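Chemist: So you can see what is in the structure, the chains are spelled out below.
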Amino acid sequence: MNIVVLVKQVPDTWSERKLRADDSTLDRDAADAVINELDDYAIEEGLRLQEAHGGEVTIVSMGPDKAADAIRKALSMGADKAVHVTDEALRGSDGLVTSAVLANVLRRTGFDLVILGSESTDARMGTLAAMLAERLGVPQMSFASKVETDGSKISIHRQADYGYDTVEGTLPAVVSVVEKINEPRYPSFKGIMAAKKKPVETLSLADLDLDASQAGLAASATEVVSFANRPPRAAGTIVTDEGDGGTKAAEFLASRKFI
Amino acid sequence: MAEILVLAEHDGETVKKVTTELLTLARAHGEPSVVWTGEGAEAGRARLAEFGAAKVYVADSPDYADYVVAPKAELLAHLVALKTPAAVLVAATSEGREVAGRLAVKTGSGVLTDVTALTAAGDGDGLVGEQSIFGGAITVQSRVRTGTPVIAVRPNAVTPEPASGAAEIEPVQADISEDAKTARVTGRVVAERGERPELTEASIVVSGGRGLGSGEHFALIEQLADSLGAAVGASRAATDAGWYPHQFQVGQTGKTVSPQLYVAIGISGAIQHRAGMQTSKTIMVVNKDPEAPIFELADFGVVGDLFKVVPQLVEEIGKRSEG
Ligand SMILES: Cc1cc2nc3c(=O)[nH]c(=O)nc-3n(C[C@H](O)[C@H](O)[C@H](O)COP(=O)(O)OP(=O)(O)OC[C@H]3O[C@@H](n4cnc5c(N)ncnc54)[C@H](O)[C@@H]3O)c2cc1C
Ligand SMILES: Nc1ncnc2c1ncn2[C@@H]1O[C@H](COP(=O)(O)O)[C@@H](O)[C@H]1O
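Line by line, the protein sequences are chains C and R.
Just so we're aligned: 56 in this note's numbering is position 55 of the first sequence, and the numbers increase by one with no gaps anywhere.
Just so we're aligned: 306 in this note's numbering is position 299 of the second sequence, and the numbers increase by one with no gaps anywhere.
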């Protein structure tokens with residue numbers, strides 16, 4: 002089975018994340034960069050399906066040069082090879098443009114399954130799986146908390162507000178995963194060493210027959226008009242319980258008319 | 008006035024609260040037409056009229072429920088071509104975002120997700136959406152510059168205000184293509200859900216975390232929630248431990264809530280939890296560790312043992328509601 006896992010490098014949620022003052026795009030230098038947390042689960046699911054069905058796992062990531070670190074980590078978990086789409090002209094791409102570029106890459110690599118995270122921690126769009134399924138004309142198997150496939154049919158549990166739906170389709174398909182799906186492995190020492198020798202193909206926009214007007218900030222269908230750092234929350238009242246903590250909490254709720 | 012399409016969220020008869028929020032928002036910028044998929048439009052109509060819907064486009068095929076997302080996007084794209092609306096509003100639920108994503112691709116339009124407010128652009132050119140990003144640390148004003156803006160609005164961000172509308176029903180004939188029928192819903196497993204308000208819609212949410220120590224102790228959270236008419240939420244530590252069902256998880260990989268009041272009990276306030284509750288209007292905290300980061304967000308916090316503080320709080324609320 003030809004499995005492609007999409008991986009995005011994002012600023013660490015634990016560090017301070019900022020937007021650039023000049024063009025309101027993500028300030029990628031301000032924060033530590035890590036693999037989007039949910040993508041670990043996507044990689045893990047790809048590796049498990051490979052273990053069950055054979056074939057190859059290819060990592061595809063679009064991002065700056067630095068995203069090579071995220072790709073290495075994915076390879077060290079056990080993926081076979083990677084494609085890194087990187088071009089200065091891609092900076093500031095919105096969801097619509099990102100999905101167009103990634104769909105273009107996926108048509109080149111071919112796939113039985115595309116696996117991705119259901120949401121990234123920076124953009125939090127949660128739309129890429131739907132956009133890719135739309136562009137590629139394949140079943141949208143999104144928000145999967147469980148995936149089963151025999152190599153031609155696929156069924157998932159699609160997580161929903163009320164519980165889950167079972168959804169069926171045929172391969173090729175796009176699958177997005179939620180964190181309940183598995184427990185991602187840690188890269189082993191052997192894996193880390195092996196990753197250094199695995200092939201990573203680097204593609205520019207020209208390699209994809211796209212030009213700069215079709216990418217990045219320029220092509221994006223949305224734009225940030227302005228932004229403001231939220232004023233810090235006014236410091237609240239903190240009391241230590243001396244046998245009356247519950248009463249004081251009730252007084253607070255009453256003062257704000259909640260009771 | 009420009010027409011604005013609003014995709015209804017409903018359960019086959021009852022209109023979800025978020026749809027009344029979308030209607031309220033749409034009314035400020037144009038004339039809202041609801042798009043209703045599947046059955047139940049007649050039943051839901053009165054409510055839509057109450058919130059100012061001018062029209063209700065009804066496509067009643069069961070396919071909208073039987074296939075994942077794509078048929079809804081197809082219907083909306085059809086209506087966008089037919090009616091050339093000024094914008095399309097959907098709820099920023101996981102499914103709503105996906106409808107927005109597919110629609111954006113079909114119509115080559117920009118999409119804004121998780122919008123909390125809409126204003127007319129200063130230069131009169133279109134709408135500007137407000138988004139709160141990075142767990143509420145930054146507020147962004149964004150605009151769609153290509154196509155028909157597709158705007159996914161965060162539930163509970165807008166206060167629904169009634170205003171009467173005709174809610175005239177207009178059936179829509181839209182064929183659903185085979186391409187939209189590749190992911191078939193074959194079953195539905197509905198987790199038990201009590202009488203409490205829905206998490207993302209509730210005006211008060213009471214959440215419990217690892218501090219509860221066990222599933223049984225969640226009864227305390229439920230008691231407090233019920234005394235306040237609140238929904239129950241949980242941290243991931245609590246859902247992972249199986250103390251409370253996953254669909255009640257609040258945070259980055261759970262629900263995003265922004266109620267009037269959020270009460271965090273025995274929750275440390277990890278960044279992933281904060282991402283889902285930071286925009287709550289008022290936050291109250293009970294935690295025994297004065298260093299817990301959740302206190303940074305608290306309007307009111309009690310440093311103490313939840314097993315002492317919460318029962319006393321429940322009792323006190325009971326006394327006050329009697330008195
Ligand atoms: C990919 C990813 C996604 C995640 N998504 C989410 C998410 O969506 N939502 C989420 O919540 N987390 C999420 N997390 C997990 C998050 O990092 C934290 O681990 C989690 O929120 C911790 O839950 P907690 O606060 O209940 O537990 P803890 O951090 O263990 O905190 C428990 C708190 O209870 C207090 N306490 C203990 N006993 C008592 C007592 N008797 N009385 C009063 N206080 C007491 C302690 O002082 C402590 O502060 C995610 C993590 C990852 C890696
Ligand atoms: N630039 C990118 N390169 C590769 N994968 C991406 C990229 N952006 C998003 N993804 C994938 O899409 C998922 C959802 O992202 P989003 O729709 O932006 O929230 C992520 O978890 C990644 O798997």
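Don't read these hints as lab results, they were simulated from the structure.
Hints may contain errors.
[Stated by the list, open to error] Restricting the straight-line Cα-Cα distance to at most 20 angstroms, the calculated cross-link-like pairs of lysine to aspartate or glutamate (DMTMM-like) are:
#1 C:K82 to C:E57
#2 C:K199 to C:D81
#3 R:K188 to C:E169
#4 R:K24 to R:E57
#5 C:K19 to R:E137
#6 C:K154 to R:D306
#7 C:K181 to R:D247
#8 R:K24 to C:D162
#9 C:K199 to C:E89
#10 R:K62 to R:E10
#11 R:K295 to C:E243
#12 R:K288 to R:D312
#13 R:K326 to C:D162
#14 C:K67 to C:E52
#15 R:K295 to C:D245
#16 C:K67 to C:D113
#17 C:K181 to R:E199
[What the hints assert, rightly or not] Label-pair distances were calculated between CB atoms; the ranges are:
#18 R:P69 to C:D212: 25 to 35 angstroms
#19 C:T171 to R:R195: 14 to 24 angstroms
#20 R:D132 to C:A229: 49 to 59 angstroms
Since the structure is predicted, the reported quantities are computational estimates derived from the model, not experimental observations.
All C-beta atoms, glycine included, are put in the ideal place defined by N, C-alpha and C.
Chemist: Look at each hint and say if it fits the structure.
Modeler: Okay, the hints, checked on the actual structure:
no. : hint                                 : in the structure
1   : C:K82 to C:E57                       : holds, 8 angstroms
2   : C:K199 to C:D81                      : holds, 7 angstroms
3   : R:K188 to C:E169                     : holds, 10 angstroms
4   : R:K24 to R:E57                       : holds, 12 angstroms
5   : C:K19 to R:E137                      : holds, 17 angstroms
6   : C:K154 to R:D306                     : violated, 52 angstroms
7   : C:K181 to R:D247                     : holds, 9 angstroms
8   : R:K24 to C:D162                      : holds, 15 angstroms
9   : C:K199 to C:E89                      : violated, 25 angstroms
10  : R:K62 to R:E10                       : holds, 10 angstroms
11  : R:K295 to C:E243                     : holds, 12 angstroms
12  : R:K288 to R:D312                     : violated, 25 angstroms
13  : R:K326 to C:D162                     : violated, 35 angstroms
14  : C:K67 to C:E52                       : violated, 30 angstroms
15  : R:K295 to C:D245                     : holds, 14 angstroms
16  : C:K67 to C:D113                      : violated, 28 angstroms
17  : C:K181 to R:E199                     : holds, 19 angstroms
18  : R:P69 to C:D212: 25 to 35 angstroms  : violated, 44 angstroms
19  : C:T171 to R:R195: 14 to 24 angstroms : holds, 21 angstroms
20  : R:D132 to C:A229: 49 to 59 angstroms : violated, 21 angstroms
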